[in-house]
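> So you can see what is in the structure, the chains are spelled out below.
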Amino acid sequence: MNFLSLFVLIPLLMLFSLWLAKGQKGIRTVMVVGSSALLALAVALTVKFISDRAGGAAEEMLYTASFVWFEPLHISYSVGVDGISVVMLLLSGVIVFTGTFVSWDMCKEYFLWFTLLSMGVFGFFISIDLFMMFMFYEIALIPMYLLIGVWGSGHKEYSAMKLTLMLMGASAFLMLGIFGIFYGAGGQTMNVVDIANHTGGAQIIEFSKQCIWFPFTFVGFGVLGAMFPFHTWSPDGHASAPTAVSMLHAGVLMKLGGYGCFRVAIYLLPEAANELSWIFLILTATGVVYGALSACVQTDLKYLNAYSSVSHCGMVLFAILMLTTTASTGAILQMLSHGLMTALFFAVIGMIYHRAHTRDIRQLNGLMRIVPFLSVAFAIAGLANLGLPGLSGFVAEMTIFVGSFENADTFHRVFTIMATTSIVVAAVYILRMIGKILYGVNLNPEHAKLHDAHWEERFAVICLIVCIAGIGLAPGWLSDVISDSVAPVIDNVKSVGHLLSQSNPFK
Amino acid sequence: MEYTILILLLPFLSFLFLGLAGKWLSHRASGMIGTAVLAVITILSYCTAYEYFTADRCADGAYATLVPYNMTWLPLGNLNFDLGILLDPISVMMLIVITTVSFMVHIYSFGYMKGERGFQRYYAFLSLFTMSMLGLVVATNIFQMYLFWELVGVSSYLLIGFYYTLPAAVAASKKAFIVTRFADLGFLIGILIFGYYTGSFSFDFVNNLQMADGTTPFIPCAIDKAVAAGGFIIPTALTLMFIGGAGKSAMFPLHIWLPDAMEGPTPVSALIHAATMVVAGVYQVARLFPLWVTYAQDWMPVIIWVGVFTAFYAASVACAQSDIKRVLAFSTISQIAFMMVALGVCTEITTGHEHEGSIGYMASMFHLFTHAMFKACLFLGAGCIIHAVHSNEMEAMGGLRKYLPVTHVTFLISCLAISGIPFFSGFSSKDEIITACMAYNPAVGYIMTAIAAMTAFYMFRLYYGIFWGTENRKLHEEHTPHEESIMTMPLVVLSIITVGVGVYTTLAGFGMFEGYSFGSLISADGHDYRIHFDTSVASLSTVIAICSILLATYIFKGETQPVADKMYAAAPRLHCWAYKRFYMDEVYQFITHRIIFAHVSRPIAWFDRHVIDGFFNFLAWGTHALSFNIRTLQSGRVQQYALVFLIGVLILILMIL
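Quick note, the sequences are listed as chains A and B, same order.
Residues -9 to 497 in the numbering used here are what the first sequence spells out, letter by letter.
Residues 277 to 933 in the numbering used here are what the second sequence spells out, letter by letter.
Chain B on its own, in the form it takes in the complex (with noise of 0.2 Å):
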């Protein structure tokens, strides 16, 4: 699988060309090179898939790990930092989901950056992000992971300031590379850590690795070594990653640069901020999952906890937002910490049905797939819509699904899919979670139940109010909204897949028939795992997803809507707290621009003018004072002189006396 090279090699030439010579191009030459070659990297990557899952197994019936392609980019004493491609389920898997969604976001685009100053550097950057995530994806290293974690972090923040003359954008993408810098201090000494301690860099944990000559092509992991040097090493090390991973996946309290990111151009959003970039801390957990289950179980209800209150604070923030993308993204945050307590649940690595402690990490998986499909379409169903209205906020919506019937069936059927009613995808891979969660604790299992309802709640309160509810006539006759055919496209493939993967996935679950389901081809150990809804979960949560669905549209699908004033009124503090986003901004500025900036820095600043360089001229000063006083003595006045030699000559005498 040699050509796997290539899926990295495309979009970075092409960046560089479109970076370079865009100048030169029409935005119509320049958006066909980056899409086509999109389209060439998506059909590889799934040749890739095809070739892999099909390939011979190993003996013990998992899933081979392959290395096509690995090289010492830099000599680290006795390390090495390595590039390389590393094919494991997961990474296959996310290869389709990267190349799947950005291919849909670059043809998206099209429509709705059209005639947009910088259209190139539009796709330049998506190129870049789009082969930093490729390679994050594909790292045989936690080192290749961090370089290409970083080159991320920074296409995004070169999308999220796509437009530079926008104040909120610049300071949104400003933040947003920063906040996501602080998390990557955690990972870069917990990969320090970690390499020290293992004497690799590499995911080679099992030491089984092959490359197709049958070389090894790292220097294995010596775990033992480090657990012997003390056992919680491999633990701290971990944890300090995790908290990359944290910051990348926006969980609390490092969340607070994704509502912002929102700032960035929709399909943009669509892309990175819901589908690709903010899974990474997941899926970093997941990588590095082997050793969490074998040599940190201790630490992982620190995943769990992080996870639930994320995924509780981001729902009930997502309730009270008006901005339709704020609510996306909140929902997002809110459904990574779903992926994130799935990963912390997991305590046990082999799989099976008498191993229940297993599923945790194949539902993280599968619900990172789905959900990249659907909030994907919902993002870019919400592009659409700001397309038409040129608004963000829900005033200016309304009853639009006359105007943009595709966009609602498609927003609609995402809707469902993240509420978790069955026959869509979101169902079956949230049934997991829960289920996953149940074995665990069933405390946390219902904690994820009533946030999932929350989920159905908010999600839906978002669809009343963009498509039903009271229209903003004034604003609509001024121009009426319309969709264009090339941005709904991607949403009926999206929402295709949405409703394809969940209509097969329910059937498979609940025993219809007994084919392929999501955990043969991704499962904590790589072995064939068929997944089988438990009844009385899958109902439970899909009554109570019914019921939120019900109460939402008993609230907010009106023309005027009574019972939500009467919310508000009841209780404003609540829903003014929740509309701030409980002060958490508030808090990191007070944090960076009272403490860091006015009495960190500034003093600093002004102890290195004033007193290091104070000292310097004091010196230069005292000797320029001196030189001064001396230079008395040098009169040229013969008197003096005389007086000086005679006064000198009579102590010599009263010396020698």
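So that you can see chain A by itself, here it is in the shape it has in the complex (with noise of 0.2 Å):
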């Protein structure tokens, strides 16, 4: 049995324990217990594989298992972490843990589905049999359907449609990706390193196939990733969601689209991915600056913030798709950081709503001198999304720029240079929503009386806080991390010729 399976086996037992608890209190106690446990492994895992790493631990995926689950199609289940799954591990162990403490009123059926949900999360993301990523993919998108249809404000049952109609379109997209590759690399084995590394039976899938499944899987997984245009879910889905849900939904489930596009088309089909990204660098910088844009003049907190999202996580995909060790280590930082700094904001935004009953940024003013904490929390959380040195965005937007600037032709230093404009852009939304909501002075008597946060929140957004300035000061350590795990990917994809897009005709 390995240790890494504990990742799911911990919320299966959250499940059973759950259906058994009895009481609000049985419910927290049960929850709380399992998101710790859940932090703390992450917590250990990064520890344990940082040491090994140290002490020469050179292969690809550490503390690998694999047992045969259906022969005929060769699905094993496998696990295994790299640098990568081991961040984002981390990140998903921070985010349900704070996401417990975001909904401690909640009833136990919600917290039902926010386990499965987290099981999906973590099983993805230590899975490496195709197959199985696709199957806890899967697992981690049918609670969302539920959490934002019954406990979600607004148009809910409209967003939640949309947004499961919408994913779901994209997983049968995937689905064809995913038989695609294993067909082309030969039918014997769905293990993501056996088929990159051409091992136990894999074998080199032809450059055609290759160009064919790779969109498949890149909008299959960028549809998750909020890929222009293929985003529209997502600012209704959060508007709509459950603070905890829109948390957990933007901090980690988003991530999953980042994450799949790496492992699974940029590491599967490296041919194709040189071939071909130059399609969606179009694509993924529009999304960045369009998003940007589209933000500024927003007047819903959670809409703004949504399409703040779109923006940063379609500089996600761009960096993936600019190829380079650096670019794709400022990927991966900028994953953990948007997931850390939009889940501070969307909680923030939720324990707001949840006060003021509204999220019209022209209904609120002068927060500050009414709830001081939601509002510096807010504030940090505005600041860090514009890339404040200091805290984790800089740290993951320098990275990419810097990353982005190692392909020195004219098509993506144009694009690059696109891309930077939106911290500009990010300034002024951010800016010009704390300027409204936060100061000035109160206009509107309801909100004369708001209460401050409660306990349990404000330890939620002070975990919070302290991971995003605690990257933001040291990023050092994680950095090494990624880019240790992130350079056999990238020279896999440099391996069979660079960039060398035959179909570019911006080259």
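What the hints contain is simulated information worked out from the structure, not anything from laboratory work.
Hints are supplied without guarantee of correctness; some may be wrong.
Stretch-level coverage of chain B by chain A, calculated; a stretch enters the list once three of its residues show a Cβ under 8 Å from a Cβ in chain A [unchecked claim]:
1) 349 to 358
2) 418 to 427
3) 447 to 457
4) 465 to 476
For clarity, every value in this text was computed on a predicted model and none was experimentally measured.
Backbone N, C-alpha and C fix where the C-beta goes; we use that ideal spot for every residue, glycine too.
Reconstruct the complex from the two isolated chains, following the hints.
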């Protein structure tokens, strides 16, 4: 029994205990114990991973285990982690842990779905089997429908349906892509590492086939990563979702998209990635600027943050497509950073909404005087979002920009510079929002007596801020952990020729 | 000199402490903590300066560049993002300037901010600002500079918006941040280009830096490689970085944020928007100066002409403003432009009396130093005045010399200094700038002399408007203006520095004695350079300055001002235009709100909701409509099934036949 499987077993146990738990106290106990255990496990894994790597464990995936699950299709339950998954597990651990505290007053059924969602997310990040990844992806997706549809706000049924349908549509693409890869590689193994390294019976996938399946897998995962123009589920979905679900969704679930693009599309289809990256680069760079500009005129806080997420997640995919080690390291850092800061943002927005019963920027004024703790947290989230040094956003963005500049041709330069403009636009929408809702004088008598955050809310918010500032102040170790694991993937891409795309008309 | 790390760490800790624990501290305690920390780092900075300037020089007689501390903060592929401390003459001088002014402002704020809500927050932000500014000047590489550059930007944002319930302050803080952020985009792209082609971000252009233990702290810059890749690369990178510098240093047309930034508390304006942060752009150009002068000589006129135009524009606007802080703000813009011009006209790096082209660098840094002191003094004096009359407008003032004697004297000293009167510090530095301009091109020299004359004029217009002229007796009877000793003490210190430096350098410059001068400490190549005034330049600028002062006295000193009124009446439109700052703000307002918001963002948002989202909704609707139609096939009526069955059989039969 591999200890990585604990990431799936603990949520399973939590589900079982939740089912048995009685009363709000029992539910909270189960959730706090379970999510703390997951977080502790993630931290322990990180420490162990770093020390083992330092101790000379040079394999691509550590702590691997595999046993056959369905012989005819060569599906096996295979787990293993590299630096990227370790970091993602850590992120998921933090978000699930803080999400528990944010949804303190919710009922048993809510937590059941919440835990199932977490199980899907954790399972996805530890899997190295294509089919298992797909399965966990679906497990993470379904609870979202119910969480939004039942506990959401606003047009919740519409949003839940839209989100689910678009993501399901994407997973149909994804499934085609996965089977394409599986059969293209000879139909002998579903193991990601085997397919990439042509071991365990996997063959090299023909170039023509790669070019067919790359768009399927990239779009399939890209929709979840809010890739322009398939991002429209995100504003509606986020706006309607309950607070902790927004956190988990933007903080972790959207990261499945970026992770999947990197782990499956780029890693397994390197030649197609070289050839076709330009198409998606145009789309993602457009998305980066487009999301930021759209955010400027939003009036609903959650829509604003959702569009800002479109911009920031666009940056993740953009960086991955740059196909350099530094940019991809930046992409993973951006996933981590965006996950934390957007979770903080959604958490605070949710708390404000819970009190003021509105998210309309025009109706909120002068919150700084009324709810100082929430307002300061909100301002910190905003400043992280616009890339203030000392907080995580700066580290990620700078790594991405420096990495993107390693591609010296005009095409890449133009789109890199286009993407950098988003940091100015980010300042515009963030400061506009902060100026309108936090500063000034409160004009609404109903808002005059709002109470500030409760202890559990404070605890969740402080945890997130500490993580954001921690990464922002000392990013070196994370960057090392990530770039070690990014390098093999990018080397694989570079070894088949770097950005030699014949089809790019702009070169 | 390992203790220099404390200069950065202590204010950071003080920021964290005051920020987190401020709620539970009394005003007095938090102010004392902030000020005590500043006192310590001021002492440390003076120790650093003493130790640095008295240490052994390099073999060739130049000051050594020391790197007491450097570490890799973030690895970026082949490049490294380092954080460290670099000591060379200009960074050491900046340490002195920043800590001195910041210390004075900390003390002054006890009086000025007394009883304000958010006193602890104020001191926390001051600490944050001081830390960021110090980090900026001691940066060992361009990326570290950018990091702290952004941090000073945000501390400036927080401090301008200190009175966050006032809409004007909120708008001003936002504007300041966004305009400088926009300029920083140029800076960032410049850094990226520079880093990519030279393979390093470090300031180690000459590849001779060593740590105390003999190791080389950086990956050296491969400038040659970048030049080989294309001669335009380094100049492009430098010019892009200059855009960032122009934004921070409020050069035209990116100056619009600075006058509005006066909405912040006045001590903040003195510290950030007069003495330290706004000269960051000048400092950046000076830091990269070896590159400019060696590889981008042809592009330096950009700096000169941006500077000349800004100096003129700001001086002309300053003549028409009625808010005393706005006058000082435009005067700051104009003076910073003087420093920029001085750097621009510097055409060689080797110093010496036969190398007139190298004076500019020294002159620029010298003016930065003297300007920081007297402009901080002016702003703090303005703060005393505002504190006394509770208004920024000149109308509320007049005849204040009786009520505020100390402020009056120190303000006068600073006005004389900024006007360039001998024996005051501004004279020596401004004279060097004009000498450098004359050496470059007499036209530039004469233009700058004329702008210096405008400076004297508007400063004395301000001075007479505040301390002489008609008294607003009604207002002054309601609450008698008075001054507090805790607020006048910093004024006295700063004006003593102004006079002391002025007398010393004037005497030394005219050759009264052979002492050290500013040039001995700071010069383009680090060698000893003795300042000697060019008598013709000095006498011309002095005479012109005195004439302007006399003219201002003639127009503005009296109880009634017939000449001034006549002038306004003669050219009402010009006065109105200058008062409205030539409508630059309106132009920006138009571009951002009318064009970007209304014609870019809004259509994009609409497009997103209606076209892209509409497409997906259409898909859903289409699927729904299709299935709605198909479902009539499954009606459950046996007759219909039988009919379809029969028709099918018939068709099959027909096909077989």
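> None of the hints should be skipped; say for each whether it holds.
These are the hints, each one checked on the structure:
A count of 7 residues in the stretch 349 to 358 of chain B with a Cβ less than 8 Å from any Cβ of chain A is obtained; the coverage claim is therefore met, three being the minimum. For the stretch 418 to 427 of chain B, the proposed coverage by chain A is satisfied: 5 residues have a C-beta within less than 8 Å of a C-beta in that chain, meeting the threshold of three. Counting residues of the stretch 447 to 457 of chain B whose CB lies closer than 8 Å to any CB of chain A gives 6, which reaches the minimum of 3, so the coverage claim holds. With a threshold of 8 Å between beta carbons, the proposed coverage of the stretch 465 to 476 of chain B by chain A holds, since 5 of its residues qualify and at least three are required.
Violated hints: none; the structure is consistent with every hint.
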